[in-house]
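A.B. asks: Sequence order for the protein chains is D, L and R. Under numbering that gives the first Met the number 0, the residues of the first sequence are numbered 0 to 409, in order. Under numbering that gives the first Met the number 0, the residues of the second sequence are numbered 0 to 102, in order. Under numbering that gives the first Met the number 0, the residues of the third sequence are numbered 0 to 954, in order.
Hints are computed from structural coordinates only; laboratory data are not their basis. Don't take every hint at face value.
[Unchecked claim] Output of the computed footprint for chain D on chain R, the stretches with three or more beta carbons under 8 angstroms from beta carbons of chain D:
1) 77-90
2) 491-497
3) 538-548
4) 842-852
5) 873-879
Glycine included, every Cβ here is placed at the ideal spot set by N, Cα and C.
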Amino acid sequence: MNPRTPGADLPEHPDFLWRDPEPKRSYDVVIVGGGGHGLATAHYLAKNHGITNVAVLEKGWLGGGNMARNTTIIRSNYLWDESSAIYEASLKLWEGLEEDLGYPILFSQRGVLNLAHTLQDVRDSVRRVEANKLNGVDAEWLEPDEVRKVCPIVNTSTDIRYPVLGATYQPRAGIAKHDYVAWGFARRAHEAGIDLIQDCEVTGFATEGNRVTGVQTTRGTIAAGTVALCAAGHTSVLTDMLGIRVPVQSHPLQALVSELLEPVHPTVVMSNAVHVYVSQAHKGELVMGAGVDSYNGYGQRGAFHVIERQMAAAVELFPVFARAHLLRTWAGIVDTSPDASPIVGRTPYDNVYLNCGWGTGGFKATPGVGWALAHTIAHGEPHANVAPFTLDRFVTGALVDEHGAAAVAH
Amino acid sequence: MQLIECPWCGPREEVEFHYGGQAHVPYPDAPAEVSDEEWAHYVFFRDNTKGRFAERWCHSAGCRRWFNAVRDTTTYRFERVQRLDDPEPHATEPARARRSTAS
Amino acid sequence: MTSPFRTAEGGRIDRGTTLEFTFDGQTHTGHPGDTLASALLASGRHQVATSVKLGRPRGIAAAWAEDPGGLVQIEEPFPEPMLLATTVELHDGLVAHGLPGQGRLAEISDSARYDAVHHHVDVLVVGAGPAGLTAALTAARSGARVALVDEQSEAGGSLLGGTDRLDDAPALEWVAAAVAELAGHPEVLHLQRTTAFGSYDDGFVLALERRTDHLGTAAPRHVSRQRVWRLRARSVVVATGAHERPVVFADNDRPGTMLAGAARTFLHRYGVLPGRQAVVFTTNDSAYDAALDLHRAGVAVEAVVDARPAGSPRREECERAGIRVLSGAVVTATQGVERVTHALVAPFVDGQVGAGSAIACDLLLVSGGWNPAVHLFSQARGRLRYDEALGAFLPAEELDRLSVTGAAAGVLDLAGCLADGQRVARAALTALAVAPPGEDRLPTAPEPVVPAAPLVLWRVPDTSGADGNTSFVDLQRDATVADIARAVGAGLRSIEHIKRYTTIGTAHDQGKTSGVLASGITAELLGVPVQATGTTTFRPPYTPVAFAALAGRDRGRLFDPERVTSLHDWHVAAGAVFEDVGQWKRPRHYPRPGEDMETAVLRECAAARTGVGILDGSTLGKIDVQGPDAAVLLDRLYTNMMSSLKVGSVRYGVMCGVDGMVIDDGTVLRLAEDRFLLLTTTGGAAKVLDWMEEWAQTEWPDLRVHCTSVTEQWNTFPVVGPRSRDVIGALFPQVDVANEAFPFMTWRDTALDGVPVRLARISFSGELAFEVYVNPWYGVAVWERLLEAGRPYGITPYGTETMHVLRAEKGYPIIGQDTDGTVTPHDLGMAWAVSKKKPDFVGKRSFARQANQDPLRKQLVGLLPVDRRTVLPEGSQIVELHPDGQLPPPPVPMLGHVTSSYRSAELARPFALALVKGGRSRIGDTVHVPVNGTLVPAEVTGSVLVDPEGARRDG
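Produce the complete structure using the sequences and hints provided.
C.D. replies: Given below as structure tokens:
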């Protein structure tokens with residue numbers, strides 16, 4: 000990246016992004032949900048499989064759900080083999096995405112620190128680092144003095160409430176500019192001839208036996224050869240229409256930004272015990288995520304005490320943040336699953352594929368899941384990277400439980 | 000932050016409460032006799048209604064009693080709260096389409 | 000420096016006191032009552048900063064939080080990034096400079112205090128302008144509990160910046176009387192310098208009070224700098240006024256360009272002339288007041304340029320004063336470098352700009368109408384509608400507990416605001432079933448001149464040749480009309496996309512002046528109604544709030560309360576090194592001088608294995624379960640049978656989640672037929688109580704049982720080791736401690752000098768051991784008596800680290816360390832603790848699932864490093880034996896991981912516990928553990944490494 004004026008502009012967007020077509024009466028593939036996952040799936044359907052008679056249906060504006068609301072952290076240092084495989088595949092795609100999309104997505108591999116504050120955090124962290132290394136994911140365990148070298152503003156003194164006992168570090172992790180990513184995928188999909196249809200809410204499905212034949216929308220009924228559901232927090236609304244039961248719960252998840260600040264924070268820091276995840280984005284604003292609000296909610300807003308708690312944690316770990324200012328808060332809707340792993344793949348309908356339950360991992364998985372879901376649609380068989388994430392695992396008990404040992408959300 | 004009406008204590012701040020998810024999901028009468036699939040539905044699957052939702056809350060930092068509520072998950076507004084021993088019928092979800100099963 | 004632009008008199012500043020401050024390295028003066036902006040303007044300085052992207056000069060363009068221009072960095076008294084000069088109250092010694100775009104954080108920590116207050120009222124009024132004051136008076140007069148908060152340093156709102164009269168006297172006299180009356184009502188809380196920044200459900204409003212910022216270095220240390228008010232109101236009245244809207248034209252960002260109303264405020268409130276030679280460009284009547292007031296104050300008003308062909312009924316007034324009024328004309332551009340020198344004025348007919356001419360000026364005032372400040376209403380999920388006449392968004396609905404009044408509701412005249420404030424307050428009171436006051440007279444405002452309809456004009460067509468590239472919509476983001484046009488050209492239709500493409504509305508002011516303009520211009524370019532384009536969402540906070548203010552007191556030790564046992568001071572005095580376990584501080588070990596942890600732990604372990612040791616186990620969770628059905632509840636929640644436990648006996652138990660995974664374990668003492676004492680893990684205590692109550696209340700309400708936390712009601716001291724019987728026997732001679740009389744897994748009540756004590760034969764080490772339970776009031780005394788009784792045997796206090804070594808040597812798992820939510824009792828080798836008799840218990844059904852039958856499930860086993868030296872790091876992964884000592888390339892299949900690992904004095908070698916795939920079938924095998932790049936061979940063993948026969952527990 001070229002040096003820029005402090006806090007200055009972001010790279011320009013292209014002069015043309017996409018047209019606003021009228022929906023056709025029929026498509027080979029209808030993707031419900033014009034967020035990152037839906038748009039990435041569309042892109043890879045065209046690019047990898049030559050499938051372009053595709054519509055992406057979006058009830059609002061493209062990339063306007065969680066894609067526009069997340070804190071853009073990208074990493075692949077997950078505990079279990081199944082998780083690290085999909086996220087690492089995704090990270091590798093991120094590494095070539097700017098070129099693939101021809102869009103300055105500002106992917107910045109500035110590393111991520113996951114702090115440990117208790118002896119059990121340390122055990123869990125070492126466990127994850129060792130697993131990552133054996134899985135070919137770059138990972139290191141850092142002692143507090145090494146943490147300070149990577150991020151000098153972290154309070155590594157021993158007299159804070161929960162001292163930093165060390166951290167895991169993934170140097171290849173980082174952040175990107177979320178809108179640019181969504182628009183990059185959208186533009187490529189549009190260029191491939193895929194219809195991106197906004198203000199088009201799905202109201203029902205036409206079915207025949209074990210097949211969905213068409214998607215009923217606020218802009219008419221659209222016949223579909225294959226349907227892929229990429230609706231994140233609204234997945235249940237769609238699956239309820241289909242009579243499919245999916246074990247996800249939708250919760251508000253809040254995030255916030257500060258004003259533009261001179262560079263102080265060179266990496267990404269996440270802490271589970273002292274709940275913080277923070278980076279300093281390209282323009283200079285601190286971007287932070289808060290905890291998940293406890294109740295189910297589709298309102299795209301949460302309670303302020305969650306933000307206050309987040310601020311307390313931020314100032315505790317980063318004393319220099321004391322007089323930074325909260326500029327804006329907002330919320331997305333995260334679809335959480337019982338084992339904190341996604342649900343991707345087949346449904347009881349032969350031609351309907353599900354993609355949900357990403358919780359706080361959705362953004363970083365965007366290219367990875369788009370690639371795998373496109374493959375799954377094209378071949379009618381789950382791609383290896385998503386094969387473990389079946390709906391069926393909740394029956395057999397073969398969960399991919401990222402809660403317990405990994406214990407690192409977001 | 001909402002003001003939640005505890006049916007025992009009256010209106011209290013949201014931070015005093017603990018969320019318990021969907022209400023009226025009974026423990027199977029004879030778990031040993033249900034299929035793996037039925038058991039999985041009991042353990043892991045809950046409705047995720049957009050709109051009016053019958054759910055459980057606990058006034059955990061107050062009287063520690065559980066109660067049922069009907070709340071709109073889009074506006075977050077509570078329509079009704081009920082003690083568990085309230086003889087009045089408890090609101091439940093409108094009948095849903097029959098669930099298909101995972102394959 | 001002097002203040003050449005200070006008026007000779009007037010303004011609400013204390014001219015008798017001079018304050019000195021430094022801006023951009025230059026010293027200036029001002030007065031109490033000034034803002035940094037007014038003091039800079041008084042010195043003749045408009046330019047404050049350069050813009051973020053283009054480096055263009057930017058100046059003060061408004062008088063309060065809507066200013067898009069004057070961003071500054073504070074350096075003294077303490078660095079604070081990015082504030083508006085218009086909202087910084089001047090104080091002696093202030094040091095600040097203009098910001099090119101990014102603020103700077105202090106490198107030292109902020110020692111100021113911040114706090115929060117909860118306050119509950121019937122009626123909360125936000126804004127102490129005419130509508131808000133009236134509403135607050137009406138509410139207060141009814142006897143209701145009222146809070147009035149206002150962001151300015153004094154009440155009055157728009158009246159502070161004008162010359163309005165009420166009851167035939169200056170309106171500010173009425174303001175003063177109103178404030179005095181409110182102060183006389185005991186149930187009224189009136190806060191100035193307090194910005195309501197967030198509006199949430201059920202009448203919850205957050206406000207930030209700036210308590211000492213205006214005092215500078217004179218701020219008392221004991222007073223919190225800022226305070227968050229968490230206001231809960233039965234009814235909220237939003238009287239937040241309106242922000243003046245600019246009109247966009249070429250080079251509209253040049254310093255000296257200012258909103259018309261702001262110029263009046265600088266004149267009347269601060270006694271400052273924002274220029275000497277002014278042009279006023281307007282689309283509505285309100286700016287005529289600015290023209291006339293400035294004229295009277297001695298400013299040469301060169302022209303009023305009114306975009307409306309018919310002009311205003313106030314034209315005559317201007318002309319009488321000798322001010323030229325150009326109707327049907329617009330300002331198309333400005334000239335100048337760092338300050339406007341000319342306004343280019345041209346006829347404007349049917350949307351077409353004619354040939355223009357330049358009018359010399361050093362001040363260009365602009366008014367494009369007014370945007371009601373609907374932020375709090377919108378944050379509370381109120382829907383907005385576009386009002387064609389106002390050219391702005393207004394509340395489109397009534398909200399349950401929140402109403403909007405005055406200019407915020409689109410009422411722009413004084414008499415109307417007064418009446419509306421009263422009306423809204425009376426309606427709110429009625430809704431609360433509070434009788435509105437009988438005597439509630441409104442002051443009389445002069446009949447306003449009936450205004451001419453405003454013209455809604457977002458932008459002047461760019462005839463400058465710059466093609467909209469210098470027509471700024473969002474000055475803080477350097478975003479222009481050309482940027483919106485590009486966005487629309489790129490295919491974007493949603494205002495949210497336009498915002499993101501252009502970045503309009505994303506800067507410090509969050510679009511206070513630019514938001515509606517962007518909607519209007521976008522709608523124009525798309526050829527759709529503004530209502531269809533809509534506006535982007537208003538999100539909290541209304542104005543920026545410091546992180547530290549929101550953190551409040553929840554910092555340092557108060558970030559999360561520390562829990563300590565009644566022996567904490569003793570531990571500290573004994574030199575304990577502490578470990579955080581949940582919220583608890585627990586001694587990890589007690590190093591003697593010169594000892595590191597390893598040496599200390601080896602010594603402590605040896606004492607417990609060969610002599611006697613003592614642990615403060617008081618943090619263990621304790622739950623008193625009582626009721627005729629207590630045993631039934633426990634049978635349903637523990638995997639093993641508890642109902643068969645005899646009174647006086649103790650049993651170990653495991654709890655699982657419905658998914659069959661272990662969630663907690665501990666011992667259970669049966670105190671009576673209908674009473675049990677449960678011990679839980681330290682970290683799991685609260686969760687287990689929640690778990691039990693949830694099942695008891697929601698699933699089995701028929702059970703007559705109650706659970707109560709008694710964690711803090713009992714100290715627990717395990718006295719451990721072969722000599723423990725001697726110690727207990729010596730201190731409690733009345734208790735027969737012989738094995739036959741007091742067998743393993745039983746308990747006895749006794750007393751020590753009249754203090755009740757409970758003894759239990761429980762062992763978490765495999766050694767003969769007694770747990771001593773006592774009321775924490777007597778904890779230290781009993782502890783010290785135990786130490787005294789143990790002295791002959793070398794009794795040694797030990798910490799959690801030694802406890803871990805002792806329990807791990809015996810293969811006792813720690814839930815949460817040796818388990819991770821994916822481990823069943825069977826995986827732990829505890830099939831013996833899973834009842835086969837009970838038809839059901841929570842989790843049982845899940846054991847029958849397919850994945851639970853997998854022979855490759857991970858199982859808890861022991862690991863002995865073959866080299867007898869390496870302490871395997873906890874968390875290490877385990878792989879198959881690679882005979883060549885080399886790992887294959889990734890991905891390398893993993894067998895499991897090391898969960899606990901210690902050096903053992905007893906075994907004279909390091910050992911570990913591990914979860915290993917098919918672990919029990921691998922006993923005797925050698926596996927590899929990668930440690931710092933080398934593969935360490937380790938032998939898989941059973942999990943019990945010390946005294947597998949259990950010979951020691953009875954001494």
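A.B. asks: Work down the list of hints and note, for each, if the structure agrees.
C.D. replies: Status of each hint after checking the structure:
no.: 1; hint: 77-90; in the structure: holds (count 5)
no.: 2; hint: 491-497; in the structure: holds (count 5)
no.: 3; hint: 538-548; in the structure: holds (count 8)
no.: 4; hint: 842-852; in the structure: holds (count 5)
no.: 5; hint: 873-879; in the structure: holds (count 5)
Going through the hint list in order, the structure satisfies each hint without exception.
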